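**Student:** Taken in sequence, the protein lines are chains A and B.
FYI, our numbering numbers position 118 of the first sequence as 118, with every residue one higher than the one before it.
FYI, our numbering numbers position 559 of the second sequence as 559, with every residue one higher than the one before it.
Calculated from the structure, these hints are not laboratory results.
These numbers were taken from a predicted model, which means no experiment stands behind them.
Be careful, since some hints might not be right.
Covered stretches of chain A, going by a simulated chain B footprint (3 or more residues, C-beta under 8 Å) [as the list claims (entries may be wrong)]: (1) 212-226; (2) 232-244; (3) 307-316.
For every residue, glycine included, the Cβ atom is placed at its ideal position computed from N, Cα and C.
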Amino acid sequence: MLAYAARRIALMIPTLLGVALITFFMLRVVPGDIVEVKMRSDGGYVTQELLASERARLGLDRPLVTQFGDWMQGLVTLDLGTSMWTGRPVAEEIGVRIGLTVQVALMAAVIAVLIAVPLGTISALFRDTWIDYVARIFTIAGLAVPSFWLGMLIILGLLTVFHWSPPVTYTPFFESPLKNISQLIWPALAVGYRYAAVVARMVRSSIIEVMKEDYIRTARAKGVFERMVVARHAMRNALLPAITVIGLEFAFLIGGLVVTEQVFNLNGIGRLFVEAVSRSDFILVQALVMLLAVVFVSMNLIVDMLYGVLDPRVRHG
Amino acid sequence: MITALSALDVGQDTEARDAALPLLAVENLTVEFTTASGTLRAVDGVSWSVRPGETLALVGESGCGKSVTALSVMRLLARPAGRVTGGRILFGGRDLLALPESEMRALRGRDIAMIFQEPMTSLNPVLTIGMQLAEPLIIHLGMSEAQARVRSVELLGMVGIPDAERRLRQYPHQFSGGMRQRVMIAIGLACDPKLIIADEPTTALDVTIQAQILELMKDLSRRLGITLVLITHNLGIVARYADQLAVMYAGRVVEEGPADRVFRAPRHPYTVRLMRSVPRLDQARGGALETIEGLPPNLMDPPSGCRFAPRCTARIPVCDSDPALRPVGDARRAACHRAEEMPGAVPLTAARPAAAAPALAAEVTPLLQVRGLSKHFAVPGRGLFGKMATVRAAEEVSFSIGRGETLGLVGESGCGKTTVGRLVLRLEEPTRGEILFDGKDIAKASAAEMRAMRTRIQVIFQDPYSSLNPRMTVGATIREPLTYRLNMATAEAHDRAASLLRQVGLPPEMAERYPHQMSGGQRQRVGIARALAMEPDFIVCDEAVSALDVSVQGQIINLLAELQAELGVAYLFIAHDLAVVRHLSQRVVVMYLGRVMEVADRDELYAAPLHPYTQALLDSAPVPDPVKERARAPRALRGELPSPLAPPSGCVFRTRCPKAIRECAEIIPPLREIRPGHLAACIRI
Numbered sequence: 001m002l003a004y005a006a007r008r009i010a011l012m013i014p015t016l017l018g019v020a021l022i023t024f025f026m027l028r029v030v031p032g033d034i035v036e037v038k039m040r041s042d043g044g045y046v047t048q049e050l051l052a053s054e055r056a057r058l059g060l061d062r063p064l065v066t067q068f069g070d071w072m073q074g075l076v077t078l079d080l081g082t083s084m085w086t087g088r089p090v091a092e093e094i095g096v097r098i099g100l101t102v103q104v105a106l107m108a109a110v111i112a113v114l115i116a117v118p119l120g121t122i123s124a125l126f127r128d129t130w131i132d133y134v135a136r137i138f139t140i141a142g143l144a145v146p147s148f149w150l151g152m153l154i155i156l157g158l159l160t161v162f163h164w165s166p167p168v169t170y171t172p173f174f175e176s177p178l179k180n181i182s183q184l185i186w187p188a189l190a191v192g193y194r195y196a197a198v199v200a201r202m203v204r205s206s207i208i209e210v211m212k213e214d215y216i217r218t219a220r221a222k223g224v225f226e227r228m229v230v231a232r233h234a235m236r237n238a239l240l241p242a243i244t245v246i247g248l249e250f251a252f253l254i255g256g257l258v259v260t261e262q263v264f265n266l267n268g269i270g271r272l273f274v275e276a277v278s279r280s281d282f283i284l285v286q287a288l289v290m291l292l293a294v295v296f297v298s299m300n301l302i303v304d305m306l307y308g309v310l311d312p313r314v315r316h317g
Numbered sequence: 001m002i003t004a005l006s007a008l009d010v011g012q013d014t015e016a017r018d019a020a021l022p023l024l025a026v027e028n029l030t031v032e033f034t035t036a037s038g039t040l041r042a043v044d045g046v047s048w049s050v051r052p053g054e055t056l057a058l059v060g061e062s063g064c065g066k067s068v069t070a071l072s073v074m075r076l077l078a079r080p081a082g083r084v085t086g087g088r089i090l091f092g093g094r095d096l097l098a099l100p101e102s103e104m105r106a107l108r109g110r111d112i113a114m115i116f117q118e119p120m121t122s123l124n125p126v127l128t129i130g131m132q133l134a135e136p137l138i139i140h141l142g143m144s145e146a147q148a149r150v151r152s153v154e155l156l157g158m159v160g161i162p163d164a165e166r167r168l169r170q171y172p173h174q175f176s177g178g179m180r181q182r183v184m185i186a187i188g189l190a191c192d193p194k195l196i197i198a199d200e201p202t203t204a205l206d207v208t209i210q211a212q213i214l215e216l217m218k219d220l221s222r223r224l225g226i227t228l229v230l231i232t233h234n235l236g237i238v239a240r241y242a243d244q245l246a247v248m249y250a251g252r253v254v255e256e257g258p259a260d261r262v263f264r265a266p267r268h269p270y271t272v273r274l275m276r277s278v279p280r281l282d283q284a285r286g287g288a289l290e291t292i293e294g295l296p297p298n299l300m301d302p303p304s305g306c307r308f309a310p311r312c313t314a315r316i317p318v319c320d321s322d323p324a325l326r327p328v329g330d331a332r333r334a335a336c337h338r339a340e341e342m343p344g345a346v347p348l349t350a351a352r353p354a355a356a357a358p359a360l361a362a363e364v365t366p367l368l369q370v371r372g373l374s375k376h377f378a379v380p381g382r383g384l385f386g387k388m389a390t391v392r393a394a395e396e397v398s399f400s401i402g403r404g405e406t407l408g409l410v411g412e413s414g415c416g417k418t419t420v421g422r423l424v425l426r427l428e429e430p431t432r433g434e435i436l437f438d439g440k441d442i443a444k445a446s447a448a449e450m451r452a453m454r455t456r457i458q459v460i461f462q463d464p465y466s467s468l469n470p471r472m473t474v475g476a477t478i479r480e481p482l483t484y485r486l487n488m489a490t491a492e493a494h495d496r497a498a499s500l501l502r503q504v505g506l507p508p509e510m511a512e513r514y515p516h517q518m519s520g521g522q523r524q525r526v527g528i529a530r531a532l533a534m535e536p537d538f539i540v541c542d543e544a545v546s547a548l549d550v551s552v553q554g555q556i557i558n559l560l561a562e563l564q565a566e567l568g569v570a571y572l573f574i575a576h577d578l579a580v581v582r583h584l585s586q587r588v589v590v591m592y593l594g595r596v597m598e599v600a601d602r603d604e605l606y607a608a609p610l611h612p613y614t615q616a617l618l619d620s621a622p623v624p625d626p627v628k629e630r631a632r633a634p635r636a637l638r639g640e641l642p643s644p645l646a647p648p649s650g651c652v653f654r655t656r657c658p659k660a661i662r663e664c665a666e667i668i669p670p671l672r673e674i675r676p677g678h679l680a681a682c683i684r685i
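Using the sequences provided together with the hints, build the complete structure.
**Tutor:** In structure tokens, the structure reads:
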């Protein structure tokens, strides 16, 4: 198991290297020049000399390969560079915002799992009854409704029905947990709904499949109580494919927060991403892409490790 | 006289009657399934009963309703598709169908246990064996976990699993198929049930393991006084283990009675024909196998009269009316108007002369010659830098096949027989050795040469369900090579496909059907037609009849023999069933763990097997004759098949060999000619 984990972590390196290569060169190919954007935005006259000197200051005049090499060297020493726009270290830009994003994502994940597992299970066990139909309408709606629109509905709903709007300024959790949660629960709900819907559908189909397995018949033939058949014999097998979805969706969620953060006026990673792209802040964008890539491959690894814990065939294979 | 009966006498009388009262009686049971195309009555008015301590065998071919009946007893039919629509199931006087679910649940695993066919899928893969074994003990007997563990160790000991303490902590995938079935038996025995229903408990297992499991079940049920309902299609098993026998056909019981008497003189033409169509090891190989022509009726729309009448050769006008299951002689019942005239009234099929085995002319060059063929598979080792392990799937295999000849290749799972078949087809690259086909080495042929050769070498696969493309009509499947390899015009290809279908005994109209619209036997005929399309010289038949029912199996074997006599095609006939191989082959190769154990002409091999493994294989397969079977001592081969990753040193068979001595661990026995044309690899001969 440990050896397997080590091998998997080692295999992450070429994947991440590939992501780095593609990101770096694609960013250089797409149109948009931060120096132009930055200098001309003030409206003043800018000389070619000024542009060139600014490029030189940012290191953009050197060959691409050298730039890439510098970036790689930075990554290895955990130095993400400095934002070309604000001039602050990228690590700092990300650091002040990541807590908020991760917290919203985690809350959404918890909400999703809490809704999805019981909902999917009940839906499967009462397959093709009205309970199942209601559950399926709920999940289909979750897939169909965009989270930012749901977010706007939530804000409007809170305002018109309860005459209450969530706090506008971000309060860190450890300062005032109540205030913090009362602000972040709404975006978490908005993105968690879709998340719950995806997972619930997976849980449902997987429970339906598992309930047809021979070992479920064996369990019943042993005289096991039906609720134990579900809880002990079916659930652990059925949750294996669900875990894959939970993990991958979590990684998607970090990216999916881009729009929702705008709606809820949250200064998180998503917003930073949007800003960085619109300013052609290559250094920041590529750092953020690498961050997301690391989240993705790590989630994959965690999912596979969980498989090992839950499925002895993987553990011994 | 009547007044002379004392109260005491009455009491004794009732007691005696109680003892003979059935433990389980299925009365007039009807089960229906709702399917997309209508309602299917899978079980139609079935009655049978089993008395305490007896073993009842429920026999019949697939789809006859035997498993459905058993699942109905447990009330475990797949809901909501299947439901019992009539009848009673009396267990110890109580009607199980009328019990509330909570009482039924309390009965399952406590009083009635069930063992299923597929040991590989019947245990929960993510729970330990110990947990799965302790479950019924804790639920039904209220044991604590510690008590349950003690009892579990005892149970594993009873079913012959050594090292029980450690084994309880393991998971199902760490057990072999045979071992898993032992665990299933242990679970069944856990609460000392009164009745065990075993649904094809050994069908998925190798023949030597089958013998072990059945002997164990018989021994335990006798010792613990457990009543056994054994569902099987294997008449040999019935002959050896059953006291009572109920034969089912198309959702009904057609014959019932004490097993020995039913075997001696069956009273229903289906039973008569079924018994005649089994290829037997204990009788001289006659001509063509007896078969039951035709197919069982479609249960969506069963015939109005006797359901067997359309296939019956003893049919008379009265058979248009439905015969009732009626008493025929002592303790026997049969559902046939002519039961009293059976079995004499069923004419013996004029034994066609055996598809004349071509004389084994000493040919200069055989069609196929395999010399020193080996195939090693590399499997990744464990850990980060684990060493690659090697599985020697086939090692130093040599044989030859003449034109128009059949070579049988026999062995249990993992013996390498399928690998050899794939190597001959060059679906795998050999590690070593040569495969000379008509003098040319297949193993070294270039892609172009191979393409040319492939038209001359064809294959028939085991599974007629998955080896045909479900999206293509069978006509299109057969025409594909005709159009693309032989460049036939469309019209010509259609004609050829039609004649091929006729040749394999199917009406040419079937070309328009899709595989799912056909029965297993018909699909296998399509597989044969497809193989014949290229007019090959040689066909690899990989377990070509194993998935088929006995009566259909006979039809396909006869067809293969006829085609061989007609077209002079040679077969490599790969199978695990010695009786089937015997029927077709001129020469037989026996393999074990990748190595050839024995090679001999058919009659020589079956009459005087030399290698202890061949002897064990022949011994393990029960023959459909109760007299012979009961007289025979249990001779199950001990032990499990060793892991192919770590085969025993020296002779690979020595760990299970009754004749093994110390030297067997040291020398790999060479295959040597012990009698003219009879080779064996054993130093003890």
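**Student:** All hints, please: hold or fail.
**Tutor:** Results of checking the hints against the structure:
1. For the segment 212-226 of chain A, the stated coverage by chain B is satisfied: 14 residues place a CB nearer than 8 Å to a CB of that chain, which reaches the threshold of 3.
2. Remark: the segment 232-244 of chain A is confirmed as covered by chain B, as 4 of its residues place a Cβ nearer than 8 Å to a Cβ of that chain, reaching the required three.
3. As drawn, the segment 307-316 of chain A meets chain B at 5 residues by the rule of a beta-carbon pair under 8 Å; at three or more, the given contact holds.
In this structure, none of the earlier numbered hints is contradicted; all agree with it.
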